[in-house]
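Visitor: These protein sequence lines are chains A and B, in that order. Just so you know, we're using numbering that gives the first Met the number 0 here: the first sequence kicks off at 0 and counts up by one. Just so you know, we're using numbering that gives the first Met the number 0 here: the second sequence kicks off at 0 and counts up by one.
Hints are computed from structural coordinates only; laboratory data are not their basis. Model, not experiment: these values are computed from the prediction. Don't take each hint at face value.
Lysine-lysine pairs mimicking DSSO-like chemistry, simulated, CA-CA at most 27 Å apart [as the list claims (entries may be wrong)]:
#1 B/Lys340 to B/Lys366
#2 A/Lys340 to B/Lys210
#3 B/Lys393 to B/Lys230
#4 B/Lys406 to A/Lys340
#5 B/Lys473 to A/Lys110
#6 A/Lys393 to B/Lys231
Here is what each chain is made of, one letter per residue.
Protein chains: 2
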Amino acid sequence: MVVGELAYERDVIVIGGGPGGYHAAIRAAQLGRNVTLVEQNQLGGICLNKGCIPSKILTQSAEKFTSFQEGENWGLEAGDISFNADKFQQYKQTKIEQLRSGIEALCQANKIEILNGSAFFLSEDKVGIENGDKFDVFRFKNAIIATGGRPEKPLWARQISDRVLDQHSISDLSEIPDKLLIYGSDYIALEIGMAYQALGSKVTLILDDGKEEFDFDQSICRELKRILKKKKIDVVRNSDVLELQRMDDMLTVTFTLTGKIDTISGTHLFVSTPIRPNTNQLGLSRIGVEQCAAGYIKVDYQSRTTQNHIYAIGDVTEGPALAVKAIKQGKTAAEAISGIKSESDFHFIPVVAHTQPPIASAGLTEKEAINMGYDIEIGQFSLSANGFSTLTGKKEGFIKVISCKEKQVFLGIHMVGTGAIELISAGITALEMAARDEDLIFPNYPHPSVNEGLLEAVEALRNQAIHIPPKSLKAQKIKV
Amino acid sequence: MVVGELAYERDVIVIGGGPGGYHAAIRAAQLGRNVTLVEQNQLGGICLNKGCIPSKILTQSAEKFTSFQEGENWGLEAGDISFNADKFQQYKQTKIEQLRSGIEALCQANKIEILNGSAFFLSEDKVGIENGDKFDVFRFKNAIIATGGRPEKPLWARQISDRVLDQHSISDLSEIPDKLLIYGSDYIALEIGMAYQALGSKVTLILDDGKEEFDFDQSICRELKRILKKKKIDVVRNSDVLELQRMDDMLTVTFTLTGKIDTISGTHLFVSTPIRPNTNQLGLSRIGVEQCAAGYIKVDYQSRTTQNHIYAIGDVTEGPALAVKAIKQGKTAAEAISGIKSESDFHFIPVVAHTQPPIASAGLTEKEAINMGYDIEIGQFSLSANGFSTLTGKKEGFIKVISCKEKQVFLGIHMVGTGAIELISAGITALEMAARDEDLIFPNYPHPSVNEGLLEAVEALRNQAIHIPPKSLKAQKIKV
């Protein structure tokens, strides 16, 4: 194999075909660039093949399962309801393949060359792409690094691999765990926990890193406490995990809790852990692309690395490991390459959990706002007083808005409840447009709808939510 | 009965306890008024007891029924699924009573006096309230008329009452019609049609007044054509109904279609017709409250009638017979009474249909915008290319934005698809805040979500939707 003998010429090389990578490639092609997209596994990346998509198929299935069980109230009668894991896996696989071939077709329609192989930088303007015994060299004007990340289990969870699952391997689980232990405090831990609980697992959540709470606004954490208790999902808080052992079909986690040693056992353990950037094989040091101590590639608001013509997007850069971030950075990078001055801004990035009920959140939490020195006002509306939530029987949850007293603009919007994920975009639009309370009070909201809960949360800021009794409105104000 | 002997003194009398009335009463009480709310039937009015709420319980139930039938794909197995109409009626009744007692409790908490009886004006500052042989006189500073409306069947549909249902009586139907004929072209006709089709009825829609299309944007009508065909719901367009006959258990509608006479038969007929204002018994002419020719009470943007201290809201005023309008007018009237200068504006009132899939619409349709002389641009995104819609299998529908070419602000947003009703509030917020395309392109949208469809519809305006192939993007532009 002789390196560098003949180099193909390309405008843009995108390394990694996950959501960030393929969005970047298509936007660059739309803007007239000649683009090659390199993927070493499967188009769509972790998000489509192992992460977001399969996990949402799981949560949707779990939600349907719950809905079936509640059907009798509505006059819907059926025999015993059961979950066929094989059929579910088939459905999942069909959908993933459908979406993957969609991406492939889009790339083709945009005249993007797709290469299978692993890429690394040979110099500041060349990458080598290796696939088996095939090796090609490409010279590029611009490169976009979108190689994603991988979950890194804590040391104690690495010794035993059987039945110890992470964000990437959980999607292939083809059985319903009898007793599922979950280590984590993020939206993924909650999604997986609630989905398997709905499908029949006995679930225990162990908050990671000795935490007291989940990674959400304190009101959401309070509501979660209630919801998890009702679902009989146990939560172990403030604990330090010491070790994991396996005996026959059981895994046992040993941890300390307020100084005492305790254990908990389960048939499976799911560990939702930080994502580490996939940068090792890229040869970054060779070409002057700087990384921070934790390994993330340093980028500016246009996703430009310390080498001006090379960009990095998604999980290889710092920030939440969310596809929405990768997508935005990908489009921004492609536009920057094409001379368009767009930028990525993640102040109001949505964090959503497809839990039962779902959670959707954007902007500052109450604690963050206070810590940043804001004098805040809070409006909160419980969905138990919302007409639509009442008629559907999905009365759990609330909508909370956090507003800056001085400037009267919204700082954060947090929702728990059926419909929250779709509704959060109204909140995000308001946040991004620096809306004031009147901007959300003036519009008309469909009736009956959960949307009216957003209106009433904002009205609560002014003591004028219709479906909150006067005393509770006053109490809300005194609390803040 | 001696009228006027002793008059009770009140700040505000609200006549009618539907959504408009009780919102007005509570807002007035929040603002310190002494309020009496008069209702002759049941609190919550038609909306809660006969209209919006029961119809949404029906549509939700139908949606669940469909979801059950699709469950097997997802690995959810159950025996034969059936619909128990009695249990459904029980559920419906429980929910209505729950919501009604909620309104009652809220009124009490706000120290609102609730009177049962029918009210009419004795003079410009006095109403009489009659309940059986009890009669009381109240002197008021302000009155709010919120007596609602009633559906008025066309003449040919009035002769036979058995099995001929309207918006108010359909909710008590305690069987699934074998063959349901529907006369109407509005959201209610579609909701009822699709719900009963899902529950097993053979449904035929006869567009009212000889119409060619439903009351939505032309793209929605096109999508509806496809969806209704797939559901085997027949649609009779451009027809003039001549008469209705009954023989045994069958109703037969005779109509002319392109000059020829034709008939169609069904076991039940549902007629979704215009709502006429309930004003006859109020004695309005006595006190100088003017009505237009069709009987609606004339009001300004604060819902003030031609008598400055008397307000009218909801279905007794002109405009769409929607609870959202009544609610907004009710709050505006209560605020105006209390010296607050708020106003109602219905340019961007949402019209939603809880169909399968749902429809949500706000602002101008394409045709309206063109007729008003706007030079428009259109961005449209099919949910068949949306990741979340694909994984849930709910791929029907689209999102369409209509933008003014000159000023680059949005004029209308139209959606068909699962999640549309919650998502429309993002569109409405954008419309109300005079957002430009960049205001909806800049924010982050959760991934995967139907919300991303809104982003891509806006991106399509700029030829840069990621999940639309270049040729289709160009074709969209050429079409406009």
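Visitor: Taking 27 Å as the top limit, are the C-alpha atoms of B/Lys393 and B/Lys230 close enough?
Guide: holds (14 Å)
Visitor: Given the hinted pair B/Lys473 and A/Lys110, is their alpha-carbon gap at most 27 Å?
Guide: holds (15 Å)
Visitor: Would you mind confirming whether the straight-line C-alpha gap from A/Lys340 to B/Lys210 stays at or under 27 Å?
Guide: violated (49 Å)
Visitor: So if I understand the rule, the pair passes when the alpha-carbon distance is 27 Å or less; does B/Lys340 with B/Lys366 pass?
Guide: At roughly 34 Å apart (the allowed maximum being 27 Å), B/Lys366 and B/Lys340 break the hint.
Visitor: Under the criterion that the straight-line Cα-Cα distance not exceed 27 Å, is the pair A/Lys393, B/Lys231 satisfied?
Guide: violated (31 Å)
Visitor: Hint check: B/Lys406 vs A/Lys340, CA-CA at most 27 Å. Holds or violated?
Guide: holds (22 Å)
In this structure, the hints that do not hold are numbers 1, 2 and 6, in rising order.
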